[in-house]
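Asker: Sequence:
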Amino acid sequence: MILAAVTVLLWACGWIVIGRLRPCRNSTGPVADASRLSIIIPARNEEHNLPVLLNSLVTQSVKPAEIIVVDDSSTDRTAEIAREFKARVLTAQPLPEGWRGKAWACHQGAQAANGEVLLFLDADTFFQPDGLRRVLAEFEALPAGVLSVAPHHAVRDFYEQFSAFFNLVMHSASTAFTLFGDKVATRGLFGPLVMIRRADYAKAGGFEAVKGRILETYYFAVQLQRVGVPLHCRTGRGAFSIRMYPHGLRDLIEGWTRGFASGAGATPPLVLALVIAWMTGLMLPLVGFAVGDAPLLWLGIYALCAAQLAWMMPRVGKFWLATALAYPIPLMFYFTIFARSMQRSRNREHVEWKGRQIRAD
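Numbering of the sequence shown is given in our numbering, commencing with residue 7 and proceeding in unit increments.
Just so you know, the hints here were simulated from the structure itself, not pulled from any lab data.
Since we're looking at a predicted model, the values are computed, not measured.
We put the beta carbon where it would ideally sit given N, CA and C, even for glycine.
Any given hint might turn out to be false.
Label pairs and their in silico Cβ distance ranges [as the list claims (entries may be wrong)]: (1) R346 to D82: 45 to 53 Å; (2) V12 to Q117: 37 to 45 Å; (3) P102 to P236: 27 to 35 Å; (4) D39 to A11: 54 to 62 Å; (5) A332 to G254: 18 to 26 Å; (6) G104 to R26: 36 to 44 Å; (7) V14 to E260: 31 to 39 Å.
Whole structure, please, built from the sequences with the hints as guidance.
Answerer: Here's what the structure looks like:
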């Protein structure tokens, strides 16, 4: 009975760290003029992803002042496709010593942009119908600061279901979705979408301040906090999405391995401890079944865990109910990839990313 009580207590830690998953508001009222908005898209060999994002932008109900695609030494049709969608193409200068590619591309895009508000987007994302309006409405409703939106994971193939816990952990690491809401300060930002006023961007030193980081958005968030710019995060459900690692299981494994241990290391210690406690609690029903004591009790606790995940998972991605019901399988997958990422990070191994050799932070 003691183990069962401990399991329920650990299960409750999940609600503490990720019990308030807030999407962008679904406002139909007037929104501030989007003509102040410059969209900046760093792109390196994105000929397959870029049409999806740009098509979603040109069909939005609100129109930005400009869309800038920073062509980061692409060897495919990235620049040509951007021009076909009437985007402004900025050819990135050669990567200077000490810079990482995305930070360098974002830095150049910000320098070239004309808008008072900057919106940085990853090229493999896309907006849902009227999604940009929802993001703008959320941004304008904030008293001050920067807005970041975690993209809703557009899961299509079976193997992508294994991404479930990676998404949940990423959401929890920001501390933006705890059960205590705004009483707990947000500690991180999501790289795929960051909206910020130019004055706040400059105040924090821009991406030049984090030029050598793989997790440039996390460290940029640290810079923003240092200069007193508040951070705000929302989920992208119904507004903003991403298709991650669409080229098969190997692509997914390598993708999550890159820098994920570094990301965990950047998570606030208390939140990391609560996440570890929660995941430990999710595994304990299997221990209870193995011990063989009170199987109906452990079946009920397992159902409690599955129900919790059945509520959480659809709010971060298009994950199946079956994934929640069989959650130990994707959870063990998460543990395996995390250990692999941790080993690479500890050994300072180089990995290839879009034709460049990079090393973990």
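Asker: Which numbered hints turn out to be false for this structure?
Answerer: The structure conflicts with hints 1, 2, although it agrees with all the remaining ones.
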